[in-house]
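K.L.:
Let the sequences and hints guide you as you build the complete structure.
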Amino acid sequence: MSVQIEFQITAPPFRWDEAGGIRIGQSRVTLDSLLATYHNGSTPEEIAVQYPVLCLGEIYAAIAYYLTHRQEIDNYLEQRRKKAQQQRNQFVQQYNLANLRQRLRDRYQPQGELTTCIYSFIPFFGL
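Using this note's numbering, the first residue of the sequence shown is number 1, and each one after it goes up by one.
Don't read these hints as lab results, they were simulated from the structure. The beta carbon of each residue, even a glycine, is placed where N, CA and C say it ideally should be. Any given hint might turn out to be false.
Claimed, not checked - Derived DEER-like restraints, expressed as beta-carbon distance ranges: (1) Arg88 x His39: 51 to 57 Å; (2) Arg101 x Ala64: 43 to 49 Å; (3) Gln109 x Gln50: 42 to 48 Å.
P.N.:
See the structure below:
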């Protein structure tokens with residue numbers, strides 16, 4: 001008498017979002033974020049703590065899929081990095097952010113006690 005075990009093969013828990021990114025399960029966590037955390041040395045259990053919306057099975061499945069399809073996923077990640085950099089560059093050019101810090105400082109030149117009080121908060125905001 002032989003025991004026969006049936007295995008159910010499941011697809012990775014990925015879905016495409018409206019912006020062309022891959023999300024994990026029904027969450028808003030991107031594959032990019034999960035893999036960045038994984039590449040920074042986090043274990044799947046640590047990733048589950050950082051992203052409690054994901055179950056451990058989804059995390060393991062996503063990492064397993066990445067490890068067996070590394071070239072395709074690395075190409076996807078590289079395309080996403082290039083697109084993000086391109087969008088950042090367009091945003092900086094479109095909104096002239098190059099001298100934003102200096103323009104804000106010029107706008108709030110000390111003109112009295114009130115401005116001095118406001119000016120003292122600027123380091124708090126990283127300006």
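K.L.:
Could you check the structure against the hints above and give me the numbers of any it violates, in ascending order?
P.N.:
Number 1 - this is the single hint that the structure violates.
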